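Q: In case you want the letters, here they are:
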Amino acid sequence: MVFSLFSDKLQKLIKEKGFIEPTLPQKLGIPEILSGKNVLIIAPTGIGKTETAMLPLFDKIQKECLKPISLLYITPLRSLNRDLLDRLEWWADKLDIDISVRHGDTTQTERKAQRELPPHVLIITPETLQAILPGKIMREHMKNVKFVIIDEIHELVESKRGVQLSLALERLSELSSFQTIGLSATVGSPELVAEFLKAEKIIRAEAEKKYNIKVEFPKPSLEDKSISDELFIGTETTARLRKLYELIKSHKSVLAFTNTRETAEVLSSRLRQLDRKLEQDVHHGSLSKERRIKSEQKFKKQELKSLIATSSLELGIDIGSIDLVVQYLSPRQVAKLIQRVGRSGHKIGEVSKGIILSGDEDLFESSAISKMAAKKDLEQIKIHEMAMDVLASQIVGLCLDEYEMNDEKIYRIIKRAYPYKDIKKNEFIELLKFLESLRLVWLEPKANGFEVRRRKKSWQYYFDNLSTIPDTTQYRIISIIENEPIGSLDEEFIAEHGLPGNKFVCSGRAWKIIQIIGNRVIVEPIEDIESAIPAWEGELIPVPFDIAQNVGRLRRLEEVKIRNNYNVDASSAKAMAELIEKQKAFFLPDEKTIVIENHKDFVIIHCCFGSLVNSTLGKYISAILTAETGVAVNMKMDPYRIMLQTTANREKVKDIIIEAKNLEEIITASIERSSLFKHRFLQVARRFGIVRRGAQFERINVKKIIQQYEGSPAYKETLREIFLEKMDIEKTKEIIEKINEGKIKIKVIDGLSPLGELGLVHQFSEVMKPRMPEGEIFNAFKRRLLATRVRLLCVNCGEYNLVRTVREVDEQPECPKCNSRLIATIRKSQTNAVEIIKKKLKKKDMKKDEIAEFQNIRRSADLVLVYGKKAVVCLAGHGIGPQTAARILSMLHPTKEKLLRDILSAEKQFIKTKPYWK
Amino acid sequence: MNEPAMKIGDCLIIADLHIGITRDIWERGISLPRQAKKLADRINGLKKKTKTKRLVILGDVKHKVPGISFQEKKEIPEFFSLLKYREIIITKGNHDGNIEKIIKDKRVKIRKQFVVGGYVFSHGHRRIKTKNKIIVIGHNQPHIKLIDKMGAVYIEPVWLKGMTKERVKIIIVPAFNELCGATIVNKDELLGPIAKKLIKEKSRVYLLDGTDLGKLSDLMVK
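Residue numbers (the numbering used here), protein chains in the order written: chain B, 1 to 918; chain S, 919 to 1140.
If you are wondering where the hints come from, they were derived from the structure by calculation, not from laboratory data. Bear in mind that the values here come from a model prediction, so they are computed numbers and not experimental data. Note that CB positions come from ideal geometry on N, CA and C, so glycine has one too. Just to be clear, a hint being listed does not mean it is correct.
[As the list claims (entries may be wrong)] Only some residues are given here: those of chain S computed to face chain B with a beta carbon under 7 Å:
1. 946
2. 948
3. 950
4. 1030
5. 1031
6. 1035
7. 1096
8. 1097
Given only the sequences and the hints, what does the whole structure look like? Please build it.
A: Below, the structure is given as structure tokens:
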């Protein structure tokens, strides 16, 4: 048994802890680690992965009396660090090994203690490693590092954080030579991760974990219909909600995952309406840290029966024994599903049980994914190679680490890191010179090459950019009707779609942007849901090509075949078969058939190629159409279709696809012009120190800044980043080739087919409220106006001064003191008005602005005198002064609604022009 | 040629260089590459293309008001030393206070206004006395705001050619340095006593590539 390889002391502790049999990763991993190899251990969570790595290293540290810091334990999440410390302290205490955590919030006293009396084991995040690498004293301690463990490495490899870590490890290896141990959940390309980590051996210990993931389609019943009206959600949603409720009731502890924050919120709030006594809560990234920690703990202690979460709870801390994971709608990626379902049955030998609650077309995707999950057919890993912004900060970091640096040495160090293995010397020198022009390094020419030195700016730049994660702001959406917040939008969404006139869906309704003021987005409700884009678009991870292709294949199967080959319930199989039957009356798009149909001014291209290819193809078609017609094209897309709002016809679109060429150039040009490019450039510019923290953009056109950097490493990096994350040029080219070879066919039909309708309207059905009738909008607006508090003032005597809601105002207000009807309505906040009136009455000298203000008050009183309460209502609108009010009131208003409509449109006008009033 | 410059006689006319503006932008948290070399290269390129002998800069060579920044002291002499013109005339602008002190170049003449043929050149921030019927100014850094069908907003630099009540022709030259701020001619009020006299109905707007956008009075937006 592997435990017998340890010292007696540790063996005794293992018995004390109650470990009898080693788990699979322990059996396979411990001997390899003891032999000193760099290893990558792949195992699902909850079967003693941490102990696999830590027990042999604890043993070595103790046996060999290693000097601190002997071990760095790197995890992607701060909250994991805490959890880990709690778990490892028991062992460390008994073995007399020092262990501690360090992160951004660690106090100065603790840091000082760590400098003076370093621990044997230091638990950190990649960003903390960045912070301590240049530290003079910490560098001395880090010379003793013998082991580095990187936990949950699958979370890091695909991001710029991972790239940064790979360079940091090379910097560390300039100080000491160490053994690397990577711990990973199941991933699609283990060899790539191993290469990234420079592991000599991959240990796969996944077999012990069993998954049972079923797809279910809750069919709406009659009862659901009536409930749905009460809860303001669609009937299908209600059916799923009720199923979720039953599942929570019939299990001990249920973790439910949604793809967006909004859905998580909606589910939790509706569950509460359904059953107030049910102990459940919501958990996502926008909630405060305190609230998240509290609900995690309550869930762990089983005080909460269920948590509704987004990816925020995917990895990380042990949250107790979950007996069921529910995935609400398709998980969109296989790895995601496995990761999520893996959170249940956390005990060794238990089966992880998961249910995907699906609807409509989503069913196909969910079924395909659950089948791929059963076969462990995961997505390939994509690594950011040659990210120039990350490299910039690490080059500066190297200059801070050591004074003696030159281009040759830096080049040699960075080239060892996997993401930069292919970097050419001239690219590297170009970057160095760019950094010099930004005054981040000093280049001193020498015989062949340069000395590279830090300068004053280097320190601030480096420590401002420890993290590669961009700071993002949230924008609040405010409805002009109720003047109340209805949700929030991401900065990236605003960058891409945030123009007045653009339409989006949020909180179950379609909205049009009137104006963006600061970080508030002022909107009005609209009926045109078809051309709106979902506000949560940015939160959705892309659906890969292979999954979309499998959906295409699945579409061709008969009901029996589906039932036999996929882990789905009977009603799912039936629903899929029915949809396909209906679609066949038009034409069925599958993995090798593209179908193009029309509907109103839409052209819908059905193509099962996944998010990235469809986005590439869609961008290309739009660019060509825009160039040829001179009119911009509205595009939205999902993994199965591209929807274009255009004046061009179907045949034209078909021809463009067939004749597609110069994809890369045309898309590059269209991306360079896009607002997404602008947004991403600014993030890259921050990482280059071009834009400092808290930079003010008010009087500067961002386009002009970008122009200044055209062709620079920062510019190229922005393009590279967008191409890797949002496009797939290679696959798209392959597909166009296949079209030309006849391996993929294109069929043009008359719309609207059921699958077309799903794309245009149904993707929003999730949280779609019933349409708000026009009258209801005005009622809401009226309610808001009537509830507005205004100040009433008697202009005649100046003695009457009262704040009231508009509702409380009489039809023809009168001064109770002097019975005059000259009552002015002004803003509640305008408290100096009484003074002005009194001054006027006493015929005192008045300043110029006071006279102007008095005239305004007087005009308001005149309006109330003539029009009565109607004038009060009118003046309560945003930005409506006596002048505007006079114009509105002088028009004929046969109905109250007409008056309200005029007030509303005056408000809109005000908000539209507001930013220009400065 | 799509550059904000024009040729009159043997002169190349440009306006508003604002060398040193990068310092101002840097103070707001954004680093930009130095301008002197870039601007000089562009101008020398134009010299070759237009075969002009003299360069007229319609003011605002420097940026900081008041005073002269360290960067300007360094970059402005560097800029002039790079120019290949034998004769350079600057009509002093409102940002050019004390500029004589930092330009020691013998080729450079600094004037309030300058006449070539029937044209009088000036920066445009103050009134001038002249009998000439065509005045060429800078100072405004004119741009136009265009909004397309989908609501996308474009702001582009433009030329403005127009007439006053007294039938004096005025040409407003766009800024040569694209980092300069902007007057949106179809929204904001024009700057300076000369430009203010333009009659909107009698002014036409042109993009840098020469596209005639029509009368200013027809282009107004809110």
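Q: Hint by hint, where does the structure go against what was stated? Just the numbers, ascending.
A: 4, 5 and 6
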